[in-house]
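S.K.: As given, the protein sequences belong to chains D and U, one line each in that order. All residue numbers for the first sequence refer to my numbering, where the first residue is 598 and numbers rise by one. All residue numbers for the second sequence refer to my numbering, where the first residue is 598 and numbers rise by one.
Derived by calculation from the structure, the hints in this document are not laboratory data. Fair warning: this is a prediction, and the values are worked out from it, not measured in the lab. Any given hint could turn out to be false.
Copies of one chain are not kept apart here, so a pair can be met inside one copy or by any two copies together.
Simulated pairs of lysine to aspartate or glutamate, DMTMM-like, Cα-Cα distance not exceeding 20 Å [what the hints assert, rightly or not]:
1) 645 <-> 694
2) 645 <-> 677
3) 645 <-> 675
4) 645 <-> 698
One-letter residues, chain by chain:
Protein chains: 2
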Amino acid sequence: MSLEEALQRLRHHYQSMPPVAAMQIDVADYDGQRLRLHAPLAQHVNDKGCAFGGSLASMMTLASWGLVSLRLEQAGLDADVYVADSQIRYLAPLFADIDVDAELAADADWDGFLSTLRERGRARTGLVARVRLPEGGVATDFTARYVAIARS
Amino acid sequence: MSLEEALQRLRHHYQSMPPVAAMQIDVADYDGQRLRLHAPLAQHVNDKGCAFGGSLASMMTLASWGLVSLRLEQAGLDADVYVADSQIRYLAPLFADIDVDAELAADADWDGFLSTLRERGRARTGLVARVRLPEGGVATDFTARYVAIARS
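The shape of chain D in the complex, shown without the other chains (with noise of 0.2 Å):
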């Protein structure tokens, strides 16, 4: 599968889930490390004017999963992602859009990942993300683990 086919898939799985959908989420950014994702903050301010939290957690954590689904059909798999436990630190609050980062893990690699699903149909791995402030630093990050496993 061609790169722009995997990220008009990513769209399509993210507008199919009602939730996400409400959210107006733009894939905005993917360089095969790194995938970027935007949203207006009128969908998601709360009652402070700023971002939502909920909606922070929600984005990163569709961030991440949307990485990892996007590796897994450049390399020709086709297995379920779950969360599987994730940390979350509010360091400064929102009040612009969202652009959100998710990247592996710096002690993950995908070549590991993605021969221990080959070999195991199921595989386990960290990832990182943060919401970015826009002038510069960090609102929010994330770290998490995801498992995949291989649709029979």
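The hints should help you fit chain U onto chain D, whose structure is shown.
M.R.: Just chain U, lined up with the frame of chain D:
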């Protein structure tokens, strides 16, 4: 403020946040210690037919936030409530409507939290939340810290 007024205010709060209004959340139960939120699975279903992890994260974040907000209003305190950090474990997929319970962490107490907020204008407390499985057991659990900052 009476309990019924506080609950109405919480419902209004939730509805006034666009991302939350889209989640079709119902304030299902509150006994003074535990707040329960409910939402239909159809609004939160993922590509695998079960509840989307981001929605569960969002609802546990909201339920805990709502519980702190209710306790502050019942105590007559005017403060903004922020989530500071959270840890989530996804233990089992949920193929049913979502019921989330939030309560104070075992090592925290409301009296201490409220008196610190009165004295210092700022206080922090631990919360726990769970999504229940209809057959018994837990689909996801959540531990988090929330900060309240008095409005001047």
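S.K.: Provide an ascending list of the numbers of those earlier hints which the structure does not satisfy.
M.R.: 4
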